[in-house]
Amino acid sequence: MSEIYALYGKSGTGKSHRAISIAYKYNIPLIIDDGLLIYKGKRIDGSVSGKQEKNKIKAVKRAIFDNKDYAKQMKEKINKTNPDKILIIGTSKNMINKIVKHLELNSPGHWIDINTITTTQERIRAKNHRSRGRHVVPLSPVEVRKNFRVPLLDQLKLMITSKGSTKYLGEQSVVKPEFHSLGGVFIKEKALQDMTFFTLQQQINLNNIKNIKITSTESNTLIEVQVSLNLDVPFHVLGDKLKNVLKHTLTNLTGLDNLQVKMIISEVDFSKEKPQISSSGI
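Start counting the sequence shown at 483; every next residue gets the next number (the working numbering).
Incorrect hints may have been included.
[What the hints assert, rightly or not] Result set (DSSO-like, lysine-lysine): computed pairs, CA atoms no more than 30 Å apart in a straight line:
no., residue 1, residue 2
1, 554, 540
2, 583, 557
3, 692, 557
4, 540, 575
5, 744, 575
6, 725, 695
7, 744, 580
8, 567, 522
9, 559, 507
10, 492, 524
Simulated from the structure, these hints should not be mistaken for lab results.
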C-alpha cells in the first residue's frame, strides 16, 4: 500500500500552489487534489476536477469522491498506477480522512499544515487571488487546455532554490471554476434552520423541537438543537439517532464538510404521547 502524505489548510491558502514543490521534496509521484488524480505531472484519464462542476455543492462532493462509482473508478486507477507515495490535498483533516475512506487508502502517515510551510503574507496573497475567482491547479497549461472546460487565466513557472542552484519544476495553471463564474453557492443560516427543522420533523413531533441555533465560522458550521424528550424514551438512543440523521442529511444536502451537530435535551415531556423514533435515517 502507498505511503500517504496529507497537506491541509483553509480554502485559498495556497495548498495547490505548493503541491508540486512538496511532491518534489518527498519524491511523491501521485497528487490527489480537488477530485483530480495527477501522476508525474499529468492528469490520470477519467479523473475530473471539482473546479469543473457547475456549483459548489457538486464541487465538494467531487473533491471527496462522494460518488461511489467515481471513487471505485479512481481506486482502480490508483491500484493500476501503484505509486509508493501519494500526496492528498484538503481543506481539513476531516476532509482528507473522507477521501482516504472513499478511496480505501492507508491513513496518512505524514500531516503537513499549510500554515507551517507558508508565511502570513503568502497566505494573504493566495486568499486575495481566491477572492477574485483565481484557482491554482497543479497541472501545466497544456494539460488544462486539453482536459478542462474552464477559462485558463494564467500560468505559473515553478522554481525551487536549493544549495545555491535553481531548479525548474514545471508549470502550474490558474483557472476560473464554473461554480465561481456562476456566482457560487451561499447557504444562509435561515436556510440551514429550515432544513434542520424539516429533517427533525420526520423523526419527532414538532412540539418537541424547542430551538435551533446556527453558528458559522470560517472553519466550521455548528448546529445546536434543543429538544424535549419523553421519559419513556432512552435519551442517549434518541439523541444519538437525531444527531446522526441530521448530520448525514444536511451534509448530503449542502455539501458542507465541517458540519457539527449538538443535541441539547432542554426539557422533559411528561405527556403520555411518546416522541416517535422514525425507522428512516442513515
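Now for the hints, and whether the structure bears them out:
Proposed proximity of residue 554 and residue 540 is supported: the alpha carbons are some 18 Å apart, at most 30 Å. In summary, the hint linking residue 583 to residue 557 is supported, as the alpha carbons are separated by about 11 Å, within the 30 Å threshold. A hinted pair counts as satisfied when its Cα atoms are at most 30 Å apart, and residue 692 with residue 557 does not qualify at roughly 45 Å. The hinted pair formed by residue 540 and residue 575 meets the criterion: a straight-line CA distance of about 20 Å does not exceed 30 Å.
Of the supplied pair hints, the one linking residue 744 and residue 575 holds, its CA atoms being roughly 20 Å apart against a limit of 30 Å. Annotation: proposed proximity of residue 725 to residue 695 holds, straight-line Cα distance about 14 Å (limit 30 Å). Proposed proximity of residue 744 and residue 580 is supported: the alpha carbons are some 21 Å apart, at most 30 Å. As the CA atoms of residue 567 and residue 522 are separated by approximately 12 Å, the hinted pair is consistent with the 30 Å bound.
For the hint linking residue 559 to residue 507, the alpha-carbon distance of about 24 Å falls within 30 Å, and the restraint holds. Of the supplied pair hints, the one linking residue 492 and residue 524 holds, its CA atoms being roughly 25 Å apart against a limit of 30 Å.
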